[in-house]
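**Q** As they're listed, the protein sequences go chains A and B.
This note's numbering puts the first residue of the first sequence at 1, with every later residue one more than the last.
This note's numbering puts the first residue of the second sequence at 1, with every later residue one more than the last.
Source of the hints: derived by calculation from the structure; they are not laboratory data.
Ideal Cβ placement from N, Cα and C applies to all residues, glycine included.
It cannot be assumed that every hint is accurate.
[What the hints assert, rightly or not] Here are some chain A residues the structure puts well away from chain B; computed CB gaps all over 10 Å: (1) P26; (2) K41; (3) A72; (4) G73; (5) P94; (6) M107; (7) E116; (8) G155; (9) G188; (10) A201; (11) E263; (12) A298; (13) G378.
[Said to hold, decoys possible] Stretches of chain B that chain A covers, calculated by requiring three or more beta carbons in the stretch to come under 8 Å of a beta carbon on chain A: (14) 34-42; (15) 193-204; (16) 269-279; (17) 324-330.
There are 2 protein chains.
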Amino acid sequence: MMTSLGPNRHLIGRAPDLVARELATPALVIDLDAFQANLAKMADLVGSAGGKVRPHAKAHKSSLIGRRQIEAGAVGLCCATVREAEVLAEAGLPGLLVTTPVVTPSMVARLVAAAEKADDFMVVVDSLTGVETLAEHARVSRPVGVLVDIDMGLGRDGLVDPAEAVALARRIDELPQLAYRGVQAYYGHLQHVKTLADRHAKIAEQWENLARFLETLGAAGLAPEIISGGGTGTHHLDLAHGPFTEIQPGSYLFMDKQYGEVEIAPGGSPFATSLTVAARVVSIAQPDRVIIDAGSKAVSTDYGPALLAKGAPDGATYQFMGDEHGAIRMPEGANRPPLGAIIELVAPHCDPTANLHDRFHVIQGGRLVDIWPIEARGY
Amino acid sequence: MMTSLGPNRHLIGRAPDLVARELATPALVIDLDAFQANLAKMADLVGSAGGKVRPHAKAHKSSLIGRRQIEAGAVGLCCATVREAEVLAEAGLPGLLVTTPVVTPSMVARLVAAAEKADDFMVVVDSLTGVETLAEHARVSRPVGVLVDIDMGLGRDGLVDPAEAVALARRIDELPQLAYRGVQAYYGHLQHVKTLADRHAKIAEQWENLARFLETLGAAGLAPEIISGGGTGTHHLDLAHGPFTEIQPGSYLFMDKQYGEVEIAPGGSPFATSLTVAARVVSIAQPDRVIIDAGSKAVSTDYGPALLAKGAPDGATYQFMGDEHGAIRMPEGANRPPLGAIIELVAPHCDPTANLHDRFHVIQGGRLVDIWPIEARGY
């Protein structure tokens, strides 16, 4: 079995030309300068707005990246899976919030075990069954924090009726092994609304929806301490005008094709692409294209073809060609990259692309400076 | 870190009701009876036709499954990645064939190292650079087998000119550290042509294309010993009328939504679905649907929504709802499955779905009889 650093570990710290020649591909690559700029920029924006950020670890599934986010001032990290929570808790990262309901007893038991290892651990619930299952596993000596999950028009998890939110919050509040902390109200479906104006109009409707919940909870003496929501696409509006005590962005670290098409903030995106998939030309047998070793098992297929970042001539386009390959179609008259040349792709969608890989290859000035395991991928 | 058998290992051999209650989800599941029937059926079909099969391991990336295929009579296994070849060679499986060109020196070195561990190891090439790079790493005392890769209209890897195939074959034949074994001629793009008649017409054109190569190679004294090609969708025609000495099917073990729409053989498919993703209902807060914990990180997104296999009422449909969730939309008047209920999905496409997971959960009669690691996933 491969070690967790994989087949490129011997290239760490070596000369850029050796890395260019020898890097095993496809390889998920982080441009460290762009990554650090994104990390710092979000910290600045949140700080200037007097807000808080609990970044979503589903984007990277890596404890090393999570730790950097905490060091940059994040109050904690959001987790989409039990495995993410387990891995980040094992690394001792504080303020973990499991952002979608878990109801299977064996999985709730794992969450409670993770909560023993890391401070200020929270989960969301949207059912009384969820509350009771959690209460069966949690201990009075170390209560698990709970947020009531509110639907913000996404139509996925989350309550639609404020009275139900009160009933849940009250029950959580009664149980000594649970600690009622507030609400989560996430509008994932509005993150990619293309113009800022349209997005503002749509999320403002949901702020009104949330206001009904907050009023009803307040009137019942259950005003939330934490109101968690928002993401990369809405962060500007959330920080300036939103009802949240904290935001949950994930993609801002990496960016992708999908966010590249969104007007994220006035004057352009504060975040730059830092994540690419490095592939190599492995066949030049066809006249109008070259074939690279990155296909649907290296790049997510949920938002059309990948964009070309580096290595291909202007006007070239990427096309999926099966599990492990893609074609770079050449514009007329362009020189084809030679066999073995590296071509870098921008992912259509960063989260599921990172999930296909086992490690990030961290590049700075052409040098492979580190390899970060994506140790919370999978189930 | 999780062991390779994952969070469900304690359920192996336990009572079906406990498995139903406790199985951590999403979990990739193999129905062992259907799987074994598919395995046996392909062996029968190939045997009756007097053919050979070298199944494609890209579908499962598992040495335990590969071993079962060898035990069922396969002459070897095809590999799509260096990692697949490494893992299967480490397990001592014979007859490995790397089905797409590898040209990076570090990766070619890994292939040659794998070839030292397993008998009858072969790779394909479609460039002189590929041949020379391989020759630089291979040893005269243990020659690496080589197939010349021929394009069959797929437009990916593979030569389009018979004269080039002769040049490559001749050069391979000259080099004592390489062994010229024949050709690969794969038409992946024709596997899913819906009707048998259309598929037959399209592949017959490619058989003519291949005949030109075979003639030219024969005239040059380089007649191939091995002619490898074909897949699950074309296996019936390949075995009955095709030019191949062996076929390379992968999906026949599992089947999926995509192959479910294809007329694979006269009288219906000889293979049944054996692979599903088991998910659980985690939210019932919305009136017209339930939410399950399987989204785009548990089920491939390259062929539309998943089909519902078990657990949901007739007429219900699956819709992706982000990385980790899906909605099961209920037909009017249907009873909604309760919180915690297991819903099984048929993958839109089996290969990239298996690649999202770390292990197969092998079920027989409701019992979890084994867990098989997908140890060759990733890079």
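**Q** Of all the hints given earlier, name the ones this structure violates by number, lowest first.
**A** 1, 6, 8, 9, 12, 13, 14, 15 and 16
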